[in-house]
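Colleague: Sequence:
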Amino acid sequence: MLVSVVAFVSLERWGMKCEIVHLMLGLFLVLLISVPVTIEASGADDDYKQCEHTVKNWASFSADTEVSGNQHDLHDLLLFLHVPRTGGRTYYHCFLKKLYTSSLECPRSYDKLRYNPRKSSCRLLTTHDDYSVMSKLPRERTSVMTILRDPIERVFSTYEFSVEVAARFLIHPNLTSVAKMSRSARRKTSGVSTLDIWPWKYLVPWMREDLFSRRDVRKLRGQLHLVTSDPYDMEDIVMPLHDYINEPVTRDIVHNGATFQIVGLTNNSYFSGAHDVRHCVLKYHSLGDYVLQVAKKKLDNMLYVGLTENHKESANVFANVVAAQVISKHKTPNFDSDGAGNDSEQGSKLPSMKTDTNDKDENTLQNLKNASSTGKDNAVQENWTVGKLMEAYNSCVSQLRDSQRDRRVNSLKQIYPANFTKEARKRVPEALIKEITLLNSLDIELYKYGQYIFEKQQAHMMQSMVHDEELTGTLSTSTIRRIYSTPSWTCVSLSITALLLLIFIFVFVSSRRRTSKVKL
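Position 149 (the sequence shown) corresponds to 149 in the working numbering; numbering is contiguous.
These are calculated hints, taken from the structure and not from any lab test. For clarity, every value in this text was computed on a predicted model and none was experimentally measured. All C-beta atoms, glycine included, are put in the ideal place defined by N, C-alpha and C. Mixed in with the good hints, there may be bad ones.
To be verified - Have a look at the derived ranges for each label pair, beta carbon to beta carbon:
| # | residue 1 | residue 2 | range |
| --- | --- | --- | --- |
| 1 | Lys312 | Leu501 | 26 to 32 Å |
| 2 | Gln451 | Glu140 | 25 to 31 Å |
| 3 | Leu499 | Arg405 | 44 to 50 Å |
| 4 | Tyr270 | Leu499 | 25 to 31 Å |
| 5 | Asn70 | Val386 | 17 to 23 Å |
| 6 | Ser184 | Pro417 | 29 to 35 Å |
To be verified - Okay, derived cross-link-like pairs now, SDA-like style, lysine to any residue, Cα gap no bigger than 20 Å in a straight line:
| # | residue 1 | residue 2 |
| --- | --- | --- |
| 7 | Lys434 | Leu282 |
| 8 | Lys329 | His72 |
| 9 | Lys448 | Glu435 |
| 10 | Lys201 | Arg218 |
| 11 | Lys456 | Asn310 |
| 12 | Lys426 | Thr437 |
| 13 | Lys456 | Leu74 |
Take these sequences, add in the hints, and give me the full structure.
Modeller: As C-alpha coordinates, this is what we get:
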(Lines of atoms letter the chains of each structure in order from A; the text may use other names.)
(Lines give C-alpha, C1' and ligand atoms only; values in the text may rest on other atoms or scores of the structure.)
Protein backbone atom coordinates (compact mmCIF):
# COMPACT_ATOMS: atom_id res chain seq x y z
CA MET A 1 0.00 0.00 0.00
CA LEU A 2 2.78 2.39 0.95
CA VAL A 3 4.61 1.57 -2.27
CA SER A 4 1.50 2.40 -4.32
CA VAL A 5 1.11 5.79 -2.62
CA VAL A 6 4.77 6.63 -3.23
CA ALA A 7 4.45 5.62 -6.88
CA PHE A 8 1.33 7.74 -7.32
CA VAL A 9 3.01 10.80 -5.80
CA SER A 10 6.02 10.33 -8.03
CA LEU A 11 3.85 10.09 -11.12
CA GLU A 12 1.95 13.22 -10.14
CA ARG A 13 5.17 15.18 -9.68
CA TRP A 14 6.47 13.92 -13.00
CA GLY A 15 3.25 15.01 -14.69
CA MET A 16 3.54 18.49 -13.18
CA LYS A 17 7.12 18.74 -14.44
CA CYS A 18 5.95 17.77 -17.93
CA GLU A 19 3.28 20.46 -17.86
CA ILE A 20 5.88 23.02 -16.80
CA VAL A 21 8.20 21.90 -19.59
CA HIS A 22 5.34 22.12 -22.14
CA LEU A 23 4.45 25.59 -20.88
CA MET A 24 8.05 26.77 -21.19
CA LEU A 25 8.31 25.31 -24.70
CA GLY A 26 5.09 27.08 -25.68
CA LEU A 27 6.37 30.39 -24.36
CA PHE A 28 9.63 29.88 -26.21
CA LEU A 29 7.80 29.18 -29.47
CA VAL A 30 5.68 32.31 -29.01
CA LEU A 31 8.84 34.35 -28.52
CA LEU A 32 10.42 32.82 -31.62
CA ILE A 33 7.37 33.73 -33.69
CA SER A 34 6.93 37.23 -32.29
CA VAL A 35 10.57 38.32 -32.60
CA PRO A 36 10.69 38.26 -36.44
CA VAL A 37 7.33 40.05 -36.56
CA THR A 38 8.65 42.71 -34.19
CA ILE A 39 11.86 43.02 -36.17
CA GLU A 40 9.89 43.25 -39.43
CA ALA A 41 7.56 45.89 -37.98
CA SER A 42 10.52 47.81 -36.65
CA GLY A 43 12.26 47.55 -40.03
CA ALA A 44 9.17 48.77 -41.86
CA ASP A 45 8.87 51.69 -39.48
CA ASP A 46 12.53 52.59 -40.01
CA ASP A 47 12.07 52.33 -43.79
CA TYR A 48 9.09 54.68 -43.69
CA LYS A 49 10.98 57.20 -41.58
CA GLN A 50 13.91 57.04 -43.97
CA CYS A 51 11.58 57.59 -46.92
CA GLU A 52 9.82 60.44 -45.15
CA HIS A 53 13.18 62.08 -44.49
CA THR A 54 14.21 61.67 -48.14
CA VAL A 55 10.98 63.13 -49.51
CA LYS A 56 10.89 66.02 -47.03
CA ASN A 57 14.48 67.00 -47.82
CA TRP A 58 13.73 66.99 -51.54
CA ALA A 59 10.55 69.07 -51.03
CA SER A 60 12.47 71.59 -48.93
CA PHE A 61 15.21 71.84 -51.57
CA SER A 62 12.61 72.34 -54.32
CA ALA A 63 10.99 75.17 -52.37
CA ASP A 64 14.36 76.90 -51.89
CA THR A 65 15.13 76.82 -55.63
CA GLU A 66 11.86 78.44 -56.75
CA VAL A 67 12.34 81.62 -58.78
CA SER A 68 10.49 84.68 -57.53
CA GLY A 69 9.11 87.39 -59.76
CA ASN A 70 6.12 88.23 -61.95
CA GLN A 71 5.06 84.96 -63.57
CA HIS A 72 2.89 86.86 -66.07
CA ASP A 73 5.93 88.34 -67.86
CA LEU A 74 7.64 86.43 -70.67
CA HIS A 75 11.40 86.12 -70.08
CA ASP A 76 14.20 85.54 -72.58
CA LEU A 77 13.76 81.76 -72.84
CA LEU A 78 10.40 79.99 -73.11
CA LEU A 79 10.44 76.38 -71.87
CA PHE A 80 7.48 74.32 -73.07
CA LEU A 81 7.29 71.40 -70.65
CA HIS A 82 5.37 68.99 -72.86
CA VAL A 83 3.43 66.42 -70.82
CA PRO A 84 2.80 63.48 -73.21
CA ARG A 85 -0.68 63.11 -74.75
CA THR A 86 -1.93 66.57 -73.85
CA GLY A 87 -1.99 68.08 -77.36
CA GLY A 88 1.45 69.62 -77.08
CA ARG A 89 2.42 68.78 -80.65
CA THR A 90 -0.47 70.93 -81.85
CA TYR A 91 0.86 73.89 -79.87
CA TYR A 92 4.37 73.25 -81.16
CA HIS A 93 3.42 73.13 -84.85
CA CYS A 94 0.48 75.56 -84.89
CA PHE A 95 1.66 78.20 -82.42
CA LEU A 96 5.32 78.03 -81.46
CA LYS A 97 6.84 77.31 -84.87
CA LYS A 98 4.95 80.31 -86.21
CA LEU A 99 6.24 82.56 -83.44
CA TYR A 100 9.87 81.39 -83.30
CA THR A 101 12.21 80.89 -86.23
CA SER A 102 14.33 77.75 -86.48
CA SER A 103 17.35 79.85 -85.54
CA LEU A 104 15.69 80.79 -82.24
CA GLU A 105 14.87 77.22 -81.21
CA CYS A 106 17.18 75.28 -78.92
CA PRO A 107 18.74 72.54 -81.09
CA ARG A 108 17.14 69.09 -80.93
CA SER A 109 14.34 70.33 -78.74
CA TYR A 110 12.85 66.88 -78.18
CA ASP A 111 16.14 65.10 -77.54
CA LYS A 112 17.60 65.18 -74.04
CA LEU A 113 21.16 64.30 -74.95
CA ARG A 114 21.95 66.55 -77.90
CA TYR A 115 21.01 70.17 -77.33
CA ASN A 116 22.80 73.13 -75.82
CA PRO A 117 20.24 75.49 -74.24
CA ARG A 118 22.88 77.82 -72.80
CA LYS A 119 23.45 79.54 -76.15
CA SER A 120 22.48 83.18 -75.81
CA SER A 121 20.34 83.14 -78.95
CA CYS A 122 18.23 80.19 -77.80
CA ARG A 123 14.69 81.46 -77.11
CA LEU A 124 12.48 78.35 -77.27
CA LEU A 125 12.95 74.93 -75.73
CA THR A 126 10.21 72.38 -76.39
CA THR A 127 10.84 69.13 -74.57
CA HIS A 128 9.38 65.98 -73.00
CA ASP A 129 12.01 66.33 -70.27
CA ASP A 130 10.76 66.89 -66.74
CA TYR A 131 11.21 70.06 -64.66
CA SER A 132 14.73 69.03 -63.62
CA VAL A 133 15.92 70.34 -67.00
CA MET A 134 15.73 73.76 -65.33
CA SER A 135 19.03 72.88 -63.64
CA LYS A 136 20.61 73.26 -67.10
CA LEU A 137 18.90 76.59 -67.85
CA PRO A 138 19.26 80.19 -66.64
CA ARG A 139 16.39 80.10 -64.11
CA GLU A 140 15.95 83.85 -63.74
CA ARG A 141 15.62 84.29 -67.51
CA THR A 142 13.31 81.33 -68.19
CA SER A 143 9.51 81.23 -68.39
CA VAL A 144 7.74 77.86 -68.24
CA MET A 145 4.49 76.75 -69.85
CA THR A 146 2.69 73.40 -69.87
CA ILE A 147 -0.63 71.75 -70.70
CA LEU A 148 -2.58 69.38 -68.42
CA ARG A 149 -5.16 66.78 -69.38
CA ASP A 150 -7.80 64.86 -67.48
CA PRO A 151 -5.69 62.01 -65.98
CA ILE A 152 -8.14 59.24 -66.92
CA GLU A 153 -8.21 60.38 -70.54
CA ARG A 154 -4.41 60.71 -70.55
CA VAL A 155 -3.98 57.10 -69.40
CA PHE A 156 -6.30 55.94 -72.21
CA SER A 157 -4.45 58.05 -74.75
CA THR A 158 -1.02 56.86 -73.59
CA TYR A 159 -2.12 53.23 -73.86
CA GLU A 160 -3.62 53.80 -77.32
CA PHE A 161 -0.60 55.70 -78.66
CA SER A 162 1.80 53.05 -77.36
CA VAL A 163 -0.20 50.40 -79.21
CA GLU A 164 -0.55 52.58 -82.32
CA VAL A 165 3.18 53.25 -82.71
CA ALA A 166 4.15 49.67 -81.84
CA ALA A 167 1.65 48.31 -84.39
CA ARG A 168 3.48 50.12 -87.21
CA PHE A 169 6.30 47.62 -86.86
CA LEU A 170 3.99 44.64 -87.51
CA ILE A 171 4.65 45.08 -91.23
CA HIS A 172 7.86 43.17 -90.45
CA PRO A 173 7.88 39.36 -90.12
CA ASN A 174 9.68 39.37 -86.77
CA LEU A 175 11.63 41.48 -84.26
CA THR A 176 14.95 40.58 -85.88
CA SER A 177 13.80 42.29 -89.05
CA VAL A 178 12.73 45.30 -87.00
CA ALA A 179 16.17 45.56 -85.41
CA LYS A 180 17.90 45.44 -88.81
CA MET A 181 15.61 48.13 -90.19
CA SER A 182 16.21 50.36 -87.16
CA ARG A 183 20.00 50.10 -87.49
CA SER A 184 19.80 50.89 -91.18
CA ALA A 185 17.50 53.88 -90.62
CA ARG A 186 19.80 55.34 -87.96
CA ARG A 187 22.77 55.16 -90.32
CA LYS A 188 20.86 57.03 -93.03
CA THR A 189 19.49 59.89 -90.92
CA SER A 190 20.39 61.98 -87.90
CA GLY A 191 16.74 62.75 -87.18
CA VAL A 192 14.91 62.16 -83.91
CA SER A 193 12.40 59.30 -83.88
CA THR A 194 9.60 58.54 -81.45
CA LEU A 195 11.83 55.85 -79.95
CA ASP A 196 14.32 58.56 -78.92
CA ILE A 197 11.70 60.51 -76.97
CA TRP A 198 10.69 59.95 -73.36
CA PRO A 199 8.48 58.11 -72.43
CA TRP A 200 7.99 56.34 -75.74
CA LYS A 201 11.56 55.03 -75.77
CA TYR A 202 10.40 52.78 -72.88
CA LEU A 203 6.71 52.19 -73.65
CA VAL A 204 6.84 51.50 -77.40
CA PRO A 205 9.55 48.77 -77.48
CA TRP A 206 7.81 47.05 -74.57
CA MET A 207 4.43 47.15 -76.33
CA ARG A 208 6.02 46.18 -79.67
CA GLU A 209 7.50 43.04 -78.18
CA ASP A 210 4.13 42.17 -76.66
CA LEU A 211 2.31 42.62 -79.99
CA PHE A 212 4.77 40.37 -81.82
CA SER A 213 4.46 37.75 -79.10
CA ARG A 214 0.66 37.68 -79.34
CA ARG A 215 0.81 37.52 -83.14
CA ASP A 216 3.17 34.54 -82.96
CA VAL A 217 0.78 32.74 -80.61
CA ARG A 218 -2.14 33.36 -82.98
CA LYS A 219 -0.16 31.91 -85.90
CA LEU A 220 0.67 28.78 -83.95
CA ARG A 221 -2.90 28.30 -82.76
CA GLY A 222 -4.53 28.92 -86.10
CA GLN A 223 -7.86 30.64 -86.53
CA LEU A 224 -8.61 33.58 -84.28
CA HIS A 225 -11.60 33.18 -81.96
CA LEU A 226 -12.56 36.51 -80.41
CA VAL A 227 -14.78 36.30 -77.34
CA THR A 228 -15.26 40.09 -77.07
CA SER A 229 -15.72 43.12 -79.28
CA ASP A 230 -14.10 45.38 -76.68
CA PRO A 231 -10.81 46.73 -78.15
CA TYR A 232 -9.54 47.34 -74.60
CA ASP A 233 -9.91 43.66 -73.76
CA MET A 234 -8.74 41.73 -76.85
CA GLU A 235 -5.99 39.70 -75.23
CA ASP A 236 -5.46 37.58 -78.36
CA ILE A 237 -4.35 40.69 -80.26
CA VAL A 238 -3.18 43.34 -77.81
CA MET A 239 -2.39 43.67 -74.11
CA PRO A 240 -5.71 44.31 -72.31
CA LEU A 241 -6.04 47.68 -70.59
CA HIS A 242 -6.62 46.05 -67.20
CA ASP A 243 -3.26 44.31 -67.51
CA TYR A 244 -1.51 47.39 -68.89
CA ILE A 245 -2.41 49.65 -65.95
CA ASN A 246 -0.95 47.19 -63.44
CA GLU A 247 2.36 46.55 -65.17
CA PRO A 248 5.46 47.84 -63.30
CA VAL A 249 6.57 50.03 -66.23
CA THR A 250 3.14 51.69 -66.33
CA ARG A 251 3.15 52.32 -62.60
CA ASP A 252 6.62 53.84 -62.84
CA ILE A 253 6.11 56.02 -65.92
CA VAL A 254 2.43 56.56 -66.73
CA HIS A 255 0.47 56.77 -63.47
CA ASN A 256 0.78 60.22 -61.86
CA GLY A 257 3.15 60.95 -64.73
CA ALA A 258 2.11 64.59 -65.08
CA THR A 259 2.82 65.29 -61.40
CA PHE A 260 6.22 63.59 -61.49
CA GLN A 261 7.13 65.43 -64.70
CA ILE A 262 6.07 68.82 -63.34
CA VAL A 263 8.27 68.35 -60.24
CA GLY A 264 11.22 66.71 -62.05
CA LEU A 265 10.99 63.17 -60.64
CA THR A 266 10.56 60.97 -63.72
CA ASN A 267 12.92 58.14 -64.63
CA ASN A 268 14.33 60.63 -67.17
CA SER A 269 15.30 63.20 -64.52
CA TYR A 270 18.55 65.16 -64.32
CA PHE A 271 18.21 64.98 -60.52
CA SER A 272 20.28 62.04 -59.25
CA GLY A 273 17.98 61.38 -56.30
CA ALA A 274 14.79 61.25 -58.38
CA HIS A 275 14.54 57.45 -58.27
CA ASP A 276 14.73 57.32 -54.49
CA VAL A 277 12.10 60.01 -53.99
CA ARG A 278 9.76 58.51 -56.60
CA HIS A 279 10.23 55.01 -55.14
CA CYS A 280 9.32 56.26 -51.65
CA VAL A 281 6.19 58.00 -52.91
CA LEU A 282 5.08 54.93 -54.84
CA LYS A 283 5.68 52.73 -51.79
CA TYR A 284 4.10 55.04 -49.18
CA HIS A 285 1.21 56.90 -50.77
CA SER A 286 0.84 59.26 -47.81
CA LEU A 287 4.14 60.88 -48.83
CA GLY A 288 2.61 61.88 -52.14
CA ASP A 289 1.17 65.03 -50.56
CA TYR A 290 4.69 66.52 -50.34
CA VAL A 291 5.12 65.99 -54.08
CA LEU A 292 1.67 67.39 -54.82
CA GLN A 293 2.36 70.61 -52.93
CA VAL A 294 5.62 71.13 -54.84
CA ALA A 295 3.80 70.49 -58.14
CA LYS A 296 1.13 73.08 -57.29
CA LYS A 297 3.84 75.61 -56.51
CA LYS A 298 5.46 74.94 -59.89
CA LEU A 299 2.14 75.59 -61.64
CA ASP A 300 1.70 78.82 -59.66
CA ASN A 301 4.99 80.12 -61.05
CA MET A 302 4.38 79.17 -64.69
CA LEU A 303 3.68 81.70 -67.42
CA TYR A 304 0.88 79.56 -68.87
CA VAL A 305 -1.06 76.41 -67.94
CA GLY A 306 -3.41 75.11 -70.63
CA LEU A 307 -6.10 72.42 -70.44
CA THR A 308 -6.60 69.84 -73.18
CA GLU A 309 -10.31 69.56 -72.47
CA ASN A 310 -10.71 73.35 -72.87
CA HIS A 311 -8.64 73.55 -76.03
CA LYS A 312 -10.45 76.52 -77.62
CA GLU A 313 -10.39 78.61 -74.46
CA SER A 314 -6.79 77.53 -73.79
CA ALA A 315 -5.70 78.57 -77.28
CA ASN A 316 -7.33 81.96 -76.79
CA VAL A 317 -5.53 82.48 -73.46
CA PHE A 318 -2.21 81.36 -74.96
CA ALA A 319 -2.57 83.76 -77.88
CA ASN A 320 -3.36 86.72 -75.63
CA VAL A 321 -1.01 85.91 -72.73
CA VAL A 322 2.03 84.28 -74.36
CA ALA A 323 1.92 84.92 -78.10
CA ALA A 324 1.12 88.60 -77.67
CA GLN A 325 4.29 89.04 -75.60
CA VAL A 326 6.40 87.06 -78.09
CA ILE A 327 5.11 89.25 -80.95
CA SER A 328 5.87 92.36 -78.91
CA LYS A 329 9.39 91.18 -78.08
CA HIS A 330 10.08 90.33 -81.72
CA LYS A 331 9.57 94.01 -82.54
CA THR A 332 12.44 94.99 -80.27
CA PRO A 333 15.97 95.10 -81.82
CA ASN A 334 17.56 92.74 -79.27
CA PHE A 335 15.10 89.90 -79.90
CA ASP A 336 15.50 89.33 -83.64
CA SER A 337 17.25 86.39 -85.23
CA ASP A 338 20.28 88.29 -86.59
CA GLY A 339 22.53 87.25 -83.75
CA ALA A 340 21.32 83.70 -83.94
CA GLY A 341 22.09 83.48 -87.61
CA ASN A 342 25.80 84.04 -86.94
CA ASP A 343 26.00 80.77 -85.02
CA SER A 344 26.20 77.87 -87.43
CA GLU A 345 24.99 75.26 -84.94
CA GLN A 346 22.18 77.39 -83.60
CA GLY A 347 21.19 78.60 -87.02
CA SER A 348 20.82 75.12 -88.48
CA LYS A 349 17.34 73.76 -88.91
CA LEU A 350 15.96 71.24 -86.46
CA PRO A 351 16.20 67.65 -87.66
CA SER A 352 13.00 66.01 -88.81
CA MET A 353 11.00 64.28 -86.07
CA LYS A 354 10.56 60.84 -87.59
CA THR A 355 7.83 58.81 -86.01
CA ASP A 356 7.28 55.98 -88.48
CA THR A 357 9.10 53.47 -90.58
CA ASN A 358 7.58 53.67 -94.06
CA ASP A 359 6.86 56.11 -96.90
CA LYS A 360 3.35 56.88 -95.65
CA ASP A 361 4.84 58.12 -92.43
CA GLU A 362 7.28 60.34 -94.32
CA ASN A 363 4.23 61.91 -95.97
CA THR A 364 2.63 62.41 -92.55
CA LEU A 365 5.76 64.15 -91.34
CA GLN A 366 5.72 66.41 -94.38
CA ASN A 367 2.09 67.25 -93.66
CA LEU A 368 3.08 68.32 -90.16
CA LYS A 369 5.79 70.54 -91.57
CA ASN A 370 3.42 72.04 -94.13
CA ALA A 371 0.79 72.71 -91.47
CA SER A 372 3.24 74.58 -89.26
CA SER A 373 5.10 76.36 -92.05
CA THR A 374 4.60 80.07 -92.58
CA GLY A 375 6.21 80.00 -95.99
CA LYS A 376 9.29 81.78 -94.66
CA ASP A 377 11.99 80.71 -92.28
CA ASN A 378 11.64 83.93 -90.35
CA ALA A 379 8.11 83.69 -88.95
CA VAL A 380 8.17 87.16 -87.40
CA GLN A 381 8.34 88.74 -90.85
CA GLU A 382 4.67 87.78 -91.22
CA ASN A 383 3.76 90.74 -88.97
CA TRP A 384 1.67 88.56 -86.73
CA THR A 385 -1.17 89.91 -84.67
CA VAL A 386 -3.15 87.86 -82.16
CA GLY A 387 -6.08 87.76 -84.56
CA LYS A 388 -4.01 86.60 -87.54
CA LEU A 389 -2.25 84.01 -85.41
CA MET A 390 -5.56 82.53 -84.23
CA GLU A 391 -6.76 82.24 -87.82
CA ALA A 392 -3.55 80.45 -88.81
CA TYR A 393 -3.81 78.24 -85.71
CA ASN A 394 -7.33 77.06 -86.56
CA SER A 395 -6.31 76.20 -90.10
CA CYS A 396 -3.19 74.39 -88.90
CA VAL A 397 -5.14 72.35 -86.31
CA SER A 398 -7.53 71.14 -89.00
CA GLN A 399 -4.66 69.92 -91.18
CA LEU A 400 -2.91 68.24 -88.26
CA ARG A 401 -6.03 66.37 -87.21
CA ASP A 402 -6.51 65.05 -90.73
CA SER A 403 -2.93 63.78 -90.98
CA GLN A 404 -2.99 62.27 -87.47
CA ARG A 405 -6.29 60.53 -88.18
CA ASP A 406 -4.90 58.99 -91.39
CA ARG A 407 -1.77 57.81 -89.61
CA ARG A 408 -3.81 56.26 -86.79
CA VAL A 409 -6.11 54.42 -89.20
CA ASN A 410 -3.15 52.96 -91.12
CA SER A 411 -1.46 51.81 -87.91
CA LEU A 412 -4.52 50.16 -86.37
CA LYS A 413 -5.12 48.16 -89.56
CA GLN A 414 -2.24 45.99 -88.36
CA ILE A 415 -4.22 44.87 -85.29
CA TYR A 416 -7.71 44.67 -86.80
CA PRO A 417 -10.41 44.32 -85.43
CA ALA A 418 -9.02 46.25 -82.43
CA ASN A 419 -9.99 49.88 -82.98
CA PHE A 420 -9.90 52.55 -80.27
CA THR A 421 -12.76 55.06 -80.39
CA LYS A 422 -14.49 57.47 -78.02
CA GLU A 423 -17.54 55.23 -78.03
CA ALA A 424 -15.41 52.22 -77.05
CA ARG A 425 -13.98 54.19 -74.13
CA LYS A 426 -17.48 54.81 -72.82
CA ARG A 427 -18.07 51.04 -72.62
CA VAL A 428 -15.04 50.37 -70.39
CA PRO A 429 -16.27 48.90 -67.06
CA GLU A 430 -16.74 51.38 -64.22
CA ALA A 431 -14.61 49.22 -61.92
CA LEU A 432 -11.63 49.66 -64.27
CA ILE A 433 -12.18 53.43 -64.40
CA LYS A 434 -12.18 53.55 -60.59
CA GLU A 435 -8.94 51.56 -60.50
CA ILE A 436 -7.27 54.00 -62.91
CA THR A 437 -8.54 56.88 -60.78
CA LEU A 438 -7.00 55.42 -57.62
CA LEU A 439 -3.70 54.81 -59.38
CA ASN A 440 -3.58 58.46 -60.49
CA SER A 441 -4.69 60.22 -57.31
CA LEU A 442 -1.87 62.81 -57.49
CA ASP A 443 -2.63 63.69 -61.11
CA ILE A 444 -6.33 63.97 -60.30
CA GLU A 445 -5.64 66.57 -57.61
CA LEU A 446 -3.08 68.39 -59.75
CA TYR A 447 -5.54 68.60 -62.64
CA LYS A 448 -8.15 70.17 -60.35
CA TYR A 449 -5.58 72.72 -59.30
CA GLY A 450 -4.68 73.28 -62.94
CA GLN A 451 -8.32 74.13 -63.63
CA TYR A 452 -8.17 76.70 -60.83
CA ILE A 453 -4.97 78.19 -62.28
CA PHE A 454 -6.56 78.35 -65.72
CA GLU A 455 -9.56 80.28 -64.41
CA LYS A 456 -7.16 82.75 -62.77
CA GLN A 457 -5.30 83.12 -66.08
CA GLN A 458 -8.54 83.86 -67.90
CA ALA A 459 -9.54 86.48 -65.35
CA HIS A 460 -6.09 88.12 -65.51
CA MET A 461 -6.18 88.12 -69.31
CA MET A 462 -9.59 89.81 -69.40
CA GLN A 463 -8.55 92.36 -66.81
CA SER A 464 -5.37 93.19 -68.74
CA MET A 465 -7.18 93.48 -72.08
CA VAL A 466 -9.82 95.83 -70.67
CA HIS A 467 -7.21 97.89 -68.84
CA ASP A 468 -5.00 98.27 -71.92
CA GLU A 469 -7.86 99.31 -74.18
CA GLU A 470 -9.35 101.65 -71.60
CA LEU A 471 -6.01 103.46 -71.42
CA THR A 472 -6.16 104.08 -75.16
CA GLY A 473 -9.92 104.63 -75.15
CA THR A 474 -10.44 101.87 -77.70
CA LEU A 475 -12.44 99.23 -75.89
CA SER A 476 -13.54 97.33 -78.96
CA THR A 477 -16.64 95.28 -79.65
CA SER A 478 -14.45 92.24 -80.31
CA THR A 479 -12.83 92.53 -76.89
CA ILE A 480 -16.19 92.79 -75.18
CA ARG A 481 -17.42 89.77 -77.15
CA ARG A 482 -14.32 87.74 -76.15
CA ILE A 483 -14.82 88.70 -72.51
CA TYR A 484 -18.43 87.66 -72.37
CA SER A 485 -17.88 84.51 -74.41
CA THR A 486 -15.69 82.99 -71.69
CA PRO A 487 -17.39 80.52 -69.31
CA SER A 488 -16.79 82.59 -66.15
CA TRP A 489 -18.25 85.77 -67.62
CA THR A 490 -21.10 83.81 -69.16
CA CYS A 491 -22.07 82.57 -65.71
CA VAL A 492 -21.87 86.11 -64.29
CA SER A 493 -23.98 87.59 -67.07
CA LEU A 494 -26.59 84.83 -66.71
CA SER A 495 -26.72 85.39 -62.96
CA ILE A 496 -27.22 89.14 -63.43
CA THR A 497 -29.93 88.51 -66.02
CA ALA A 498 -31.72 86.08 -63.71
CA LEU A 499 -31.50 88.54 -60.81
CA LEU A 500 -32.95 91.38 -62.90
CA LEU A 501 -35.74 89.07 -64.07
CA LEU A 502 -36.63 88.18 -60.48
CA ILE A 503 -36.66 91.85 -59.50
CA PHE A 504 -38.94 92.63 -62.45
CA ILE A 505 -41.35 89.79 -61.52
CA PHE A 506 -41.38 90.95 -57.89
CA VAL A 507 -42.14 94.57 -58.87
CA PHE A 508 -44.79 93.46 -61.36
CA VAL A 509 -46.57 91.19 -58.85
CA SER A 510 -46.43 93.90 -56.17
CA SER A 511 -47.92 96.49 -58.50
CA ARG A 512 -50.73 94.10 -59.48
CA ARG A 513 -51.56 93.53 -55.83
CA ARG A 514 -51.70 97.26 -55.16
CA THR A 515 -53.93 97.73 -58.20
CA SER A 516 -56.28 94.98 -57.00
CA LYS A 517 -56.59 96.61 -53.55
CA VAL A 518 -57.40 99.99 -55.11
CA LYS A 519 -60.18 98.43 -57.24
CA LEU A 520 -61.71 96.75 -54.17
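Colleague: Of the numbered hints stated previously, which ones are contradicted by the structure, given in increasing order?
Modeller: Numbers 4 and 10, in rising order.
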